[in-house]
Amino acid sequence: GAGVSQSPRYKVAKRGQDVALRCDPISGHVSLFWYQQALGQGPEFLTYFQNEAQLDKSGLPSDRFFAERPEGSVSTLKIQRTQQEDSAVYLCASSSLAGGPGEQYFGPGTRLTVT
Amino acid sequence: RKEVEQDPGPFNVPEGATVAFNCTYSNSASQSFFWYRQDCRKEPKLLMSVYSSGNEDGRFTAQLNRASQYISLLIRDSKLSDSATYLCVVNGAGNMLTFGGGTRLMVKP
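First to last, the protein sequences are chains A and B. So in our numbering, the last spot in the first sequence is 145, and the numbers never skip. So in our numbering, the last spot in the second sequence is 578, and the numbers never skip.
Hint data in this document are derived by calculation from the structure and do not stem from the laboratory. A portion of the hints provided could be inaccurate.
For lysine-lysine, the following DSBU-like pairs were computed, each having C-alpha atoms within a straight-line distance of at most 35 Å [claimed, not checked]:
1. Lys514/B - Lys471/B
2. Lys471/B - Lys511/B
3. Lys511/B - Lys41/A
4. Lys108/A - Lys514/B
5. Lys548/B - Lys577/B
6. Lys577/B - Lys108/A
7. Lys87/A - Lys514/B
8. Lys511/B - Lys548/B
9. Lys87/A - Lys577/B
10. Lys471/B - Lys548/B
11. Lys44/A - Lys87/A
12. Lys471/B - Lys108/A
13. Lys87/A - Lys471/B
14. Lys471/B - Lys41/A
15. Lys108/A - Lys87/A
16. Lys548/B - Lys44/A
17. Lys44/A - Lys514/B
18. Lys41/A - Lys108/A
19. Lys471/B - Lys44/A
20. Lys577/B - Lys471/B
21. Lys577/B - Lys44/A
22. Lys511/B - Lys577/B
23. Lys514/B - Lys548/B
24. Lys577/B - Lys514/B
From a predicted model like this one, the values you see are computed outputs, not experimental measurements.
Okay, chain B solo, but in the shape it has when bound (with noise of 0.2 Å):
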């Protein structure tokens, strides 16, 4: 079983859509919890982190349940731009992150 699991997708939506993705993660030790976005053959970059208060950025909202091992990143009102793939992050002892496989993200207009 992989530390960090997330559904591949491709989840395909409209512009405007609200889309929701989730994680889990398996090891209960981790401590810091971050979306990152690839675009197709492109560098991963951090998109967010989430705290266990729930956080919103923009059009963005991540939220961490502990309790379940559970991360999830909420986009409103999606854009074309928003097309990517969306890797769940997660940080144990030390420095190394743990990332998901990532979830595919394809807006239509």
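Okay, chain A solo, but in the shape it has when bound (with noise of 0.2 Å):
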């Protein structure tokens, strides 16, 4: 069966330029969360929904930084204003309720390089 796919893979984007990077997570599944990895670094949180409810941002770095899941299905992910610090790997996982909190499927990530 399809995974979580996310879209694009790599993104270059010239300073001040806005983002938008889709996730389309695993059919069924209710929550989706969004990470930001730095290179040589484990992911750090951002972002959390149950269905199209955002229910945790504490994650996100600055108002620069939104998500949305309108239908409770994809997600995207927009940053405005791309600074070279918002050059990550931008990672999607879903989950399903009926699994443990850790089972959380990954997408194979966005790499953000801001010029």
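The task is to assemble the complex, starting from two chains supplied on their own in separate frames and drawing on the hints.
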């Protein structure tokens, strides 16, 4: 079956540009998470959705970061006025309610480079 | 201080060796514990959960010491295919996962 997919896989943006990163979770998965992974570091939590409700956005680093999941399926992470420190891999993960809290399935990530 | 701390390595071991990784976490309210594996330029994947009683999955053994806030992973009879970064992961309230920085393992022939 299909896993979590993300697009684009790679994105190069000039500083100041806006970017939109898409995540297609596993069909039927209620929970969706976004993480940011800098080079040589572990993933860091950004935000969490249960269906269309954004239940936790405590990890978003600034108000330039915005995420949505309007129909409870596909999610978009938007970064406005990108800065060099936004360069990282952005990982999306999904899980079902039936799974345990650690059973999150990750997509391949979008590697964002801000020049 | 990071919430979940790991030795970044790399650990360079020969095939067949036994290797152990440790991890400490700072939030005593943490409820669930896991090891994830991440291959180079790939996404993290759940390796195993960690239970207070200790648990084993083939060549892999995970242990949790809640009193010391310490988690370990032991790999016996290392294979070349075990080369990866091993991420220690903690779950607190809600479903958010907190990852350590990862420990890199290189198994050599």
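Checked hints:
For the hint linking lysine 514/B to lysine 471/B, the alpha-carbon distance of about 22 Å falls within 35 Å, and the restraint holds. A threshold of 35 Å between alpha carbons decides the hint, and for lysine 471/B with lysine 511/B the separation of about 24 Å falls inside it, so the pair holds. Only pairs whose Cα atoms come within 35 Å are accepted, and lysine 511/B paired with lysine 41/A is accepted, the gap being roughly 16 Å. A distance of roughly 25 Å separates the Cα atoms of lysine 108/A and lysine 514/B; the hinted pair therefore holds under the 35 Å criterion.
Taking the CA atoms of lysine 548/B and lysine 577/B, the gap is about 8 Å. The hint holds against a cut of 35 Å. Between lysine 577/B and lysine 108/A the alpha-carbon distance is near 42 Å, which puts this suggested pair outside the 35 Å criterion. Restraint check: the Cα-Cα separation between lysine 87/A and lysine 514/B comes to about 23 Å, which is no more than 35 Å; the hinted pair holds. Our distance criterion of 35 Å between C-alpha atoms is met by lysine 511/B and lysine 548/B, whose separation comes to about 19 Å.
Proximity of lysine 87/A to lysine 577/B is assessed by CA-CA distance (about 42 Å); at most 35 Å being required, the pair is judged violated. Between lysine 471/B and lysine 548/B, the direct Cα distance comes to roughly 31 Å. Compliance with the 35 Å bound is thereby established for this hinted pair. Straight-line distance between C-alpha atoms of lysine 44/A and lysine 87/A comes to about 26 Å, which keeps the hinted pair within the 35 Å bound. For the given pair, lysine 471/B sits about 27 Å from lysine 108/A by alpha-carbon distance, which is consistent with the 35 Å threshold.
Proposed proximity of lysine 87/A and lysine 471/B is supported: the alpha carbons are some 19 Å apart, at most 35 Å. Proximity of lysine 471/B to lysine 41/A is assessed by CA-CA distance (about 29 Å); at most 35 Å being required, the pair is judged to hold. A hinted pair counts as satisfied when its Cα atoms are at most 35 Å apart, and lysine 108/A with lysine 87/A qualifies at roughly 13 Å. Between lysine 548/B and lysine 44/A the alpha-carbon distance is near 43 Å, which puts this suggested pair outside the 35 Å criterion.
Between lysine 44/A and lysine 514/B, the direct Cα distance comes to roughly 32 Å. Compliance with the 35 Å bound is thereby established for this hinted pair. For the hint linking lysine 41/A to lysine 108/A, the alpha-carbon distance of about 13 Å falls within 35 Å, and the restraint holds. About 31 Å separates the Cα atoms of lysine 471/B and lysine 44/A, which keeps this hinted pair within 35 Å; it holds. Between lysine 577/B and lysine 471/B, the direct Cα distance comes to roughly 31 Å. Compliance with the 35 Å bound is thereby established for this hinted pair.
Proposed proximity of lysine 577/B and lysine 44/A is contradicted: the alpha carbons are some 41 Å apart, above 35 Å. In summary, the hint linking lysine 511/B to lysine 577/B is supported, as the alpha carbons are separated by about 21 Å, within the 35 Å threshold. For the suggested pair lysine 514/B and lysine 548/B, the alpha carbons sit about 18 Å apart, so the restraint of at most 35 Å is met. In summary, the hint linking lysine 577/B to lysine 514/B is supported, as the alpha carbons are separated by about 22 Å, within the 35 Å threshold.
The structure shown violates the earlier hints numbered 6, 9, 16, 21.
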